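K.L.:
The primary structure of each chain is shown beneath.
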Amino acid sequence: MTAGSSWWRRFGFGLLGVVLLACVWELYKFRGPAEGVVIGGVTVLPRTTDLAMPHIWVMFQRLFEPVTSAAGSPPMWLAVLQASAFTLGVAGVGWLVAVVVGILLALLMQRFRTAEQAVLPWIILSQTVPLIAIAPLVRRWGSALEIGEFSWENWMSVALIASYLAFFPISVGALRGLESPDTNHVELMHSYAAGWWKILLRLRLPASVPYLLPALRLAAASAVIGTVVAEVSIGLRGGLGRMVVEFAAAAGGDPGKPWAPIFGAVLVGLLAAGLVSLIGLTLRRFRRAEVPA
Amino acid sequence: MTRKDSLPVTDAHAVKVTGVSRIFSIKKKPPVTALESVDLTVAPGEFVSLIGPSGCGKSTLLRLIADLDQPTAGTIEVFGKTARKARIDQDYGIAFQQAGLLPWRTVRANIELPLELHKVGTAERRSRSTELLELVGLGDFGDSYPDQLSGGMQQRVAIARALAESPNLLLMDEPFGALDEMTRERMQNELIRICAETRAAVVFVTHSIPEAVFLSDRVVVMSPRPGRIRSVLPIRLGGPDDRSEHIREDAAFFDGVSAVRESLHGTPDTGNARGVDTR
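As you go down the protein sequences, you meet chains A and B in turn. Residue 24 in UniProt numbering sits at position 24 of the first sequence, and the numbers go up by one each step. Residue 17 in UniProt numbering sits at position 17 of the second sequence, and the numbers go up by one each step.
Okay, chain A solo, but in the shape it has when bound (with noise of 0.2 angstroms):
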């Protein structure tokens, strides 16, 4: 019971910040000077005209309109839902990518003292590289793999730079989750002769998982930022990311549409964090706290 009235309190106050955030939005947007708030020549406030700032309604309304003014276009909802799932499809294989990876090189750091030494560095560096900058290499890349049926595809391009921002979280919290447990606990693996597979298996995996959780998660939000900006700067057709950039050239005449794909990209993060967080139930005996003797 206490577990369940708890989660309803954290829902009730995530949707009081929504509309808390609404309600400043509206507020702004009443009172506020049309032409922002400038200070010495920099425009600190946005303006507040319709067109900068459309009425929360009007972003909800526009959902409910076809795309384009084209006979057959679908509603904008439903295409928003369809590039959504795409982009969610996208960042999932990245996710699951970097996840292995993660992993990998945390038990791999774990293992050998001196991999740690040599690798962690590589690893912190690696996320100082722009994303715009190793886009069009994957892509380049990618596309000179054939191998037999397979053919790199752009999508896979996408999952790839997805996976490599993801991955960090990861394979740092991995890694501080695998040498959490105590020398006590180690040592008393090691009074019963356990090796290393099974010391493992039934101390520092088990031990880990507290750590990898919040990096799991933090990994699923990272994987749906990669997944849209790489979209963009590859080009890839379909997903969220070239839909905001397509929908920002409509903003002049039509302002609600660019919001779209922005609620198709906070709705992809709200699904990306629960299906983690169901991970994270299903884990629970493992977050058990010890409570020192």
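If you are wondering where the hints come from, they were derived from the structure by calculation, not from laboratory data. Fair warning: this is a prediction, and the values are worked out from it, not measured in the lab. Hints may contain errors.
[As the list claims (entries may be wrong)] List of simulated lysine-lysine pairs, DSSO-like, C-alpha gap at most 27 angstroms: (1) A:Lys198 / B:Lys85; (2) B:Lys28 / A:Lys198; (3) B:Lys119 / A:Lys198.
We have chain A already, so just place chain B on it with the hints.
P.N.:
Using the frame of chain A, we list chain B on its own:
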């Protein structure tokens, strides 16, 4: 209960420590001699306590016997084998000051952990853990998780786990050190009973004089820097059947306490105990 019948007939020692030294060398610092030429034997079924102030190497000696650390010089035999072989053969069970239970396992699964690691069948594991839960008086708590137990109960689970493979030797490093006085005395009584039932030899590290005297057949008094054995005192408080609560009030008990105290301080007790916990 199936006892291990691997006791070699030729060697009557559970533990035989000969001329053991352990020197810790830390970079850019003078080496620290934790133990210097220590000799000690423990007979099968004998209860031996190691006592002394911090830094006397009593825990180090226990870790050497457990093969969690290797001596710089000297040899250690456990049931006539090298310490390493004895560890691999699971000839001893071990319990530390921290219960060290795995929080994601139930009490029963924690006790079964060593059996599971050594591929004992499910049914056999189950019956053994039931037996041990009864032995340590936690029959109703098999399905609880460690965080639902008190410190004393957790420590009892740790002892049950140490006994899981019916070892002939039990190594205990201040297992009751973190418990309150009342729980501690109750646990001591239970340990006496458990030892009588299992007939295992025990090497017991403690810094409590009454605890050492109450539990032991022999008390090994150690002195620090470098860690050495100062004296070995036989204690005669009678068998496990006589050693009940009333013995704590007995004259023989107080004699034992005084003897250990005098040996610890190197002089007859003058009342100003330095560096020694007199619990």
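K.L.:
Look at each hint and say if it fits the structure.
P.N.:
Hint by hint, here is what the structure shows:
For the hint pairing A:Lys198 with B:Lys85, the CA-to-CA distance comes to about 19 angstroms; that is within 27 angstroms, so the pair holds. For the given pair, B:Lys28 sits about 36 angstroms from A:Lys198 by alpha-carbon distance, which is inconsistent with the 27 angstroms threshold. As the CA atoms of B:Lys119 and A:Lys198 are separated by approximately 12 angstroms, the hinted pair is consistent with the 27 angstroms bound.
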